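**Student:** From first to last, the protein sequence lines are chains A and B.
Start counting the first sequence at 1; every next residue gets the next number (the working numbering).
Start counting the second sequence at 1; every next residue gets the next number (the working numbering).
Be aware that a few hints might be false.
Where chains are identical, the list cannot tell them apart; a pair therefore holds if satisfied intra-copy or between any two copies.
Stated by the list, open to error - Straight-line C-alpha distance at most 25 Å; calculated PhoX-like pairs for lysine-lysine: (1) 31 / 241; (2) 241 / 147; (3) 31 / 178; (4) 328 / 178; (5) 178 / 30.
Note that these hints are calculated values from the structure, not bench results.
Keep in mind the model is a prediction, meaning the values are calculated, not measured.
There are 2 protein chains.
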Amino acid sequence: MVYRIGIAGCGTVGRGLVALLGEKREYLEKKYGFRFTLNLVSDFIKGTVASDDGMDPADIIKNLNEKGDLRFMKEAQEVTGTNPLANLLARTPVDILCDATPTNYETGEPSLGILRTAIQSGAHAVTCSKGGVGLDLAGLQELASAKDVQIRYESSVLSGTPLLNLVRGPLAGCVVEKVMGIVNGTTNYILTMMEGGAGYAESLKEAQRLGYAETDPTGDVEGFDSAVKVCIMAQEFFGRKLNVAEIDRQGITALTVSDVKTAQAEGKRIKLIAGIERNGDSVSGYVKPIAVGLSHPLASVMGATNAVCLTTDSLGDVTIIGPGAGAKETAQGLLSDMLSIQALSYR
Amino acid sequence: MVYRIGIAGCGTVGRGLVALLGEKREYLEKKYGFRFTLNLVSDFIKGTVASDDGMDPADIIKNLNEKGDLRFMKEAQEVTGTNPLANLLARTPVDILCDATPTNYETGEPSLGILRTAIQSGAHAVTCSKGGVGLDLAGLQELASAKDVQIRYESSVLSGTPLLNLVRGPLAGCVVEKVMGIVNGTTNYILTMMEGGAGYAESLKEAQRLGYAETDPTGDVEGFDSAVKVCIMAQEFFGRKLNVAEIDRQGITALTVSDVKTAQAEGKRIKLIAGIERNGDSVSGYVKPIAVGLSHPLASVMGATNAVCLTTDSLGDVTIIGPGAGAKETAQGLLSDMLSIQALSYR
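Sequences and hints are given; from them, build the entire structure.
**Tutor:** Here it is as structure tokens:
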């Protein structure tokens, strides 16, 4: 089949996905037999374009580059109603809707609504936003199951570095017993700078200058971002719903260079660890700075790189290390989810 | 469907697989919907048992524990003909044949013959032996394609630590551009000991005492084992057939404690790296000791642990670290391949 793709959100990641789809069209067809048309791109600010015949990704990128807007394209659409996406999908149905909108931790919106609307329309849903899946993954899975479609969210944890799909597929048969991860690049970058002797404030400023940290860094440095990811992993690996409020959460704002140096002197390195543990029937999650020994696989993960170490029953520790952010990286995660949907669908 | 499973080779790994299947039967059905019967176990030394109704894994383990042999079981079979496995499979057909025989690098046997026979019989083939797939992966894939079955060989590189299936599934969409790995635990264990100040001979002896190294350690220490794995990865990731003789191969036998210490003094660590590089259209493989900087993700991989760092187009470097040997670990790799076969088959 030819997959009709829609993209909600055309910021850095959405645009990265449009570009990646354009660049890789031939490769995807040749290597994976994956054929697609790009039928819908909708952004709250930049406008909406849609076409039953599909649009040229290069055309969309050109418009974004030259005009920063989609409203001048011939495929531009009026957006109407209380649920504009539902109306758009009714007019221009898609087989896979990719949600690349920014996250609001507290409400899960707009991601949650987008994913529900997409699934209700009969489309598979793929997201890189941790908003919706962090808040109500079980509910979304139930809805997807009822509509006989898939929901996938690889990029919501480590951007394109595969973790969720690693456990689903290549690690199938293994039981995950424990999780320890560095799932926030901003804080890891700050901690790496502090090891070099810079203070917390200076390191944060540098992370902001480089675009790793936002102007209001609370979500990262207080561990909220990591905590939402813990919730996603708890549901995915342990089938257990945890809320952010249940996570034993401590950020890095109270850390001093002296704490970092003390750990170094003890042959350790302080990392903001996002972890999940199982005790009998109970599953608990935490986010906190931990001094890990240098021989621990997470100790050598520096800068904005992310990593997760899974303790499993049959393999012991398995660690995956890779990028945790970036437009192309996150778009790759969305793409891999689409290829998984194809691989696991009846052909 | 209920998969009829056969196992060729009942040494440490084959027996580990029988045990794992027994332990995980309920879990596999519940979590993956994977149902199986164990219909055939055949070992050159311990004999062959087969049954159309399936056998109890616990029964087989009990016989191996108590008698070290399968010939006393009621399901014991006469083995006859020039291709005994073909005759066995004609009498007791299976849907998946797991090859867990030891490897001969040069001839690829008995693995190569077992895999061909299994595929010819119409069974999916799964192997942890690098013999057959190292020598003629392309030929086996062609045969499998002609017979409309799958051949899978995750465990042939890093035992159960997923690498090949990681690239096939979760990393789908990415192009692998470069490979650097520690794919031999014996040599990495020896190098780790040498960092502690032990000489090569002493370290080798300790590795032999612990069962990491064989009595004749040539295959490991001269880099043949790693070179065969390079051939498998070259075919898998680059679609390119390399022979062991084409690999630029150098072992660790000439390394001295002084070499190791010199690297340490330069902030580096010597690792036996198995690598693949692409230059334009040409793909070349190597196995050699390389002093990698301590910030390299392979530098902190110590002892018998294995790891592979893949450089990709969309994600940059992605590294997976995990066990590279062990009965249960290798059996898990075989199991994950079986679950992949199920996931990717028409249901």
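**Student:** Which holds for residue 31 with residue 241 at a C-alpha limit of 25 Å: within a copy, between copies, both or neither?
**Tutor:** For residue 31 and residue 241, the Cα distance is within 25 Å only across copies (18 Å; inside one copy 37 Å).
**Student:** Given a CA cutoff of 25 Å, do residue 328 and residue 178 count as a within-copy pair, a between-copy pair, both, or neither?
**Tutor:** Classified as between; 19 Å across copies, 30 Å inside a copy.
**Student:** Taking 25 Å as the upper bound on the Cα-Cα distance, should residue 241 and residue 147 be classified as within, between, both, or neither?
**Tutor:** within (22 Å within a copy, 44 Å between copies)
**Student:** Classify it for me, residue 178 with residue 30: is the Cα-Cα distance of at most 25 Å met within a copy, between copies, both or neither?
**Tutor:** between (39 Å within a copy, 21 Å between copies)
**Student:** Classify it for me, residue 31 with residue 178: is the Cα-Cα distance of at most 25 Å met within a copy, between copies, both or neither?
**Tutor:** between (35 Å within a copy, 18 Å between copies)
In this structure, every one of the numbered hints holds.
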